[in-house]
Amino acid sequence: MKKDIILSGVGGQGILSIATVIGEAATAAGLFLKQAEVHGMSQRGGDVQSNLRLSDEVIYSDLIPTGSADLIISMEPMEALRYLPYLSRNGRVVTSSKPFVNIPDYPDKDVLLAELDSLPDVVRLDIEEAARACGNPKGANMVLLGMAAPAIGILGADELRAAIGRVFARKGDAIVASNQKAFDIGLEAGLVK
Amino acid sequence: MSEKRLLLGDEAIALGALHAGLSGVYAYPGTPSTEVTEFIQANAPEVRSRWCTNEKTAMEAALGMSYAGKRALVCMKHVGMNVCADAFVNSAVTGVKGGLVVLAADDPSMHSSQNEQDSRFYAQFAMVPVFEPSDQQEAYDMIREAFVFSEELGLPVLFRVVTRLAHSRAAVLTGEAGGQNALDPSSDRGWVLLPAIARRQYLKLIDKQPRLLEASERTPHNSLEGTGPRGVIACGIGYNYVKEAGIQDVTVLKVSQYPLPEAQVKALAARCSSILVVEDGQPVVEQGVKALLGAGYPVEGRLTGRLPRTGELTPDNVASALGVPASRAFGSAQNLAPRPPQLCPGCGHRDVYAALNQVAAEYPGARIFGDIGCYTLGALPPFSALASCVDMGASITMAKGAADAGVFPAIAIIGDSTFTHSGMTGLLDAVNDHSRITVVISDNLTTAMTGGQDSAGTSKFEAICLGLGVEPEHVRVVVPLPANMPEITRIIREEIEYDGVSVIIPRRECMQTLRRHKK
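As they're listed, the protein sequences go chains A and B.
Whatever position you read off the first sequence (first residue = 1), add 31 for the numbering used here.
Whatever position you read off the second sequence (first residue = 1), add 3 for the numbering used here.
Some hints here could point you the wrong way.
[Unchecked claim] Straight-line alpha carbon distances no greater than 27 Å define the calculated BS3-like cross-link-like pairs of lysine-lysine that follow: (1) B:211 <-> B:293; (2) A:33 <-> B:7; (3) B:521 <-> A:169; (4) B:269 <-> B:246.
Derived by calculation from the structure, the hints in this document are not laboratory data.
With the hints as constraints, model all of the structure from the sequences given.
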């Protein structure tokens, strides 16, 4: 079994924290993993993505071929669409529905969301709102991870929740608990699909 | 103690170097090489690791350490090789004592760079071996071997990676850590490159070449696999993309050590009817294989168009070159806009550009020459301020040349770290020539573009400019904030009107490091 995941967003939104949690869970589960990240100039408010590949067999390429990503996890709706050519026919898009507008020619929001919704398998949510509602305004990325969890498959939700505990352990129990809560709220939204 | 760790390619290199008994890392930050030195700084206080002023000072200091018998690592992005080339090429002529490895992180596709130059050409030119790992595990293993090999041969080893290995994470099985070499103060006449000695040393370097080739033939990192009729030479991470394509009718020569193993290439050619060269960067191997096999043997690659001439390798373009059609379920989205990087909200460079643009609008002939760093983003809207950005330090010297040609006002904008990297010598030229230029050293107290490393000149800029001979009344310091716009624009106007070299230093901490310091 293998899972190819594209994580996307805008530089500074924290997609690498999601990758870190998945990476921690995958390592604990003894899976093979490759994770190509973007460092450097793009991190200054530009589009960023990370290719995350999990498998129970050896993985060769650090990059995901077009048409083969099982999952796109995006902190931003237009950035989810940017990687559509990489999505496999049965792939799922899990994304925040709230645009991050830092460019003058950002597409019309309704038209953009309509294009997203026209895809066969989409889960979207205003993750910032959901994170605020559960009292953890900085936990939007953990809400998103929860939403994606059912589609990650090769790792169970419990394994991911435990990995959150280990990744955030040095920040204290309260931070761990609030991030796990954000994850669970996302998971509920992801399971409804 | 052996353990499995999830590491970036850069981190695997750093850990391998530490386990090889590294005594010093010498580097200037540059994407995608920065994390090697950062890892050593964070994990090995016993190893000398402070950032250097530029790649040339780094290379020379490392060579000095090697002459003293200890193992040294130099790290840079590919264009850093241009800066240290003098020392690098001559270090092959003098030879080394303690293992000396030069890590060059190339950036095909120019994710964070201004060109796609391939560092393997430098190694060919200098006649030193190249190690080019295919994955994170090999990066860890091979850097350890590189130090040993460097000492065996008495030559520096070029360790070449590309962005996708440097910045990709995978599990690495690590080995036992070795101790550092002892100090060996013995010296060698061969280090004094007077012509008479240099001629002898150069012959020694030539004489070492068969050993380099023999090592390339013998290393387990270069190997033939498969029995298919189509030949593939897969270099560095190109090997992974060939394996990813999963086709059976090929014989693959994996190459991770150079010079090119000629006997293995010939063996591949004899077994197959054609060869496809898969290499990231420029067609170094493709040219070499063509020369080796002669015009009659079909060799394909980037030069023939089977692979794109520019840009990095991807699983898609390699699969396509191997004849595997790309599969796409979805086309490109309709509602997409480019999202280029931009200066952070609140960044002091923003205020500098706002002021420069305001004053420049009053002078129809104004040209602002840019440099390399976050502030290069001032070339993009909304500022669109820059006439050029060529290489580290070029803003000052290009403004000087333009002023010499009659351009007025000729303005240079350069960051603090770039100024000490390569701007100071150009400023001295301008002072000596009494050039009419205005130099803006936009000082955010850090090397920001690469993530906020210490900047060599912090708190020394006024003294440096005065020391180079800029008149004290024409070294002006301002605080770039919207509230200070009237003062900043007035000072820019005054200094543009001065018929000589002026330096304006807008100084305010980078927003990124400020946020980190507040935590």
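Quick rundown of the hints versus the structure:
1. Among the hinted pairs, residue 211 (chain B) with residue 293 (chain B) is consistent with the structure: their alpha-carbon atoms are about 24 Å apart, no more than 27 Å.
2. Taken as a hint, the residue 33 (chain A) and residue 7 (chain B) pair is honoured in the structure, with Cα atoms around 21 Å apart against an allowance of 27 Å.
3. Restraint check for residue 521 (chain B) and residue 169 (chain A): satisfied, since their Cα atoms lie roughly 17 Å apart, inside the 27 Å limit.
4. Of the supplied pair hints, the one linking residue 269 (chain B) and residue 246 (chain B) holds, its CA atoms being roughly 22 Å apart against a limit of 27 Å.
In the structure shown, no violation is registered for any of the earlier numbered hints.
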